[in-house]
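Taken in order, these protein sequences are the chains called A and B.
732 is the number of the first residue of the first sequence in the working numbering; add one for each residue after it.
29 is the number of the first residue of the second sequence in the working numbering; add one for each residue after it.
Please note that the accuracy of each hint is not assured.
As the list claims (entries may be wrong) - Here are some, though not all, of the chain B residues that point toward chain A, as calculated from beta-carbon distances under 7 Å:
1. E36
2. S89
3. D94
Just so you know, these hints were derived from the structure itself, not from any lab.
It should be emphasised that the depicted structure is a prediction, and the values quoted were computed from it without experimental measurement.
From the three backbone atoms N, C-alpha and C, an ideal C-beta is built for every residue, glycine too.
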Amino acid sequence: MASQNLQSVPDQPAGPGAGDAQDQTAQLEAEGQAYFDRVMAEDSRIEPKDWMPAAYRKTLLRQISQHAHSEIIGMQPEANWISRAPSLKRKAILMAKVQDEAGHGLYLYSAAETLGQSRDKMMDDLIAGKARYSSIFNYPALTWADMGAIGWLVDGAAICNQVPLCRASYGPYGRAMVRICKEESFHQRQGFEILLELSNGTPAQKQMAQDAVNRWYAPALMMFGPPDDDSPNSKQSMAWNIKRFSNDELRSRFVGMMVEQVRVLGLTLPDSEVRFNEETKKWEHGPLDWEEFKEVLAGRGPCNAQRLERRREAHDDGAWVREAAAAYAAKQARKHAEKEFAA
Amino acid sequence: MSPHGNPEVPASSAGAVESTAAKVPAGPETSSESSAPRSVWPLWEVFVRSSRGLSHVHAGSLHAPDAAMALRNARDLYTRRNEGVSIWVVPADAIAASDPDAKGSFFESPQGKDYRHATYYTKSEGVKHL
Ligand SMILES: [Fe+2]
Ligand SMILES: [Fe+2]
Ligand SMILES: [Fe+2]
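Only chain A is shown next, with the shape it has when bound in the complex:
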């Protein structure tokens, strides 16, 4: 259950004998650590009020809030296409998908809050440009076919990443991921269908689909994060049962799935080096531009400024709604209290 009362270590007893208090704190820490280690060894779950190492809390908070921000910012490239979707059906589908992404953001903010961070603080960090989110959403969606490529490749990569997270050792995170994964599968399928329809359309439509796949392929592969030998925090995350598979492992699996599916689409992956390595039994792909990845992550991608500006604008535009709702709630509470008093 999400809740406040987030102190992992009970209040230190205040009293004389500061030495005693210190001993006691140390003992509680040791007991907490022993309990935590047992939970990890049993592959069980940590819940909000359990003791947890400060670094575990920090890592989770960073990961979950970044994930939440990604869902929220991730609404933009697709929301921008709702008014241009080619049919009423496609508009309805796109709206449902964008609404889902908003929901995913909210599930994840709730999970992050159980670690002791207020939602307002997370929102402020995002708007102030202090928080990170997935680099993928800083690329522009140039044509209608991009709605297909985003659903198929971007949501596809997200699903690959997220299914193992359903078993993350932190209870609220795992539960949020279960809900999210259930909803994501429609996202990928609707994207696949958009591409399939374009691919079976006129030569120009097919070209548009191929162009979108060409542009989204590499950024989607980079969603799994840097290569294993350049991902210093992965090991610790795996030891904590947050992460279950390495970045490269997940990327390789994803490539394998895409190889199959792109054939059904009648399109090609823009990567001549994709192959199945018989020795390692793993799918391999061509080199990725990790310099570009770092640039985009550092805020210098094609759409970073635009995305943050839009987010800020939406937040400011909604201020009067939040204020009105709060004022109304306060007034109702006051009325209610007066009635109680009179009765």
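Following the hints, complete the assembly by docking chain B with the ligands onto the known chain A.
Frame of chain A, contents of chain B with the ligands only:
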């Protein structure tokens, strides 16, 4: 959002022009930079009954200014696909929870009381309908 043109073109100046037009100034300025503390909406826990005959099960939590908004938000957030026929929202701070640090002592009593389970009774094995 403009109905014409693609707002996705990166670094387009058109977006900037548009955003300055047709803004309704609403109430006191509360830009994100303002240092005044925002009123924090309370946290609500959401319980959803998935179908008649089943109990309400905890689905998650959300922020809302009051119960009516909490219910509406809960509907939008947790029942977008017919997941429920009834919703409860409860202010999170109205929930009393057992102390996780007292795990052992609080839940100790059933331990060593196997005889409360049917599986404790083995002599009747093989006897029909028992
Ligand atoms: Fe999502
Ligand atoms: Fe996602
Ligand atoms: Fe999605």
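Item checked: chain A contact restraint for E36 of chain B - C-beta distance below 7 Å -> 4 Å, holds
Margin query: Hint validation: D94 of chain B versus chain A, beta carbon distance must be below 7 Å. Holds or violated?
Written below: 4 Å, holds
Note to self: Is the interface hint satisfied for S89 of chain B? The criterion is a beta-carbon contact with chain A at less than 7 Å.
What the structure shows: With a closest approach of 4 Å, the S89 of chain B hint holds.
No hint from the list above goes unmet by this structure.
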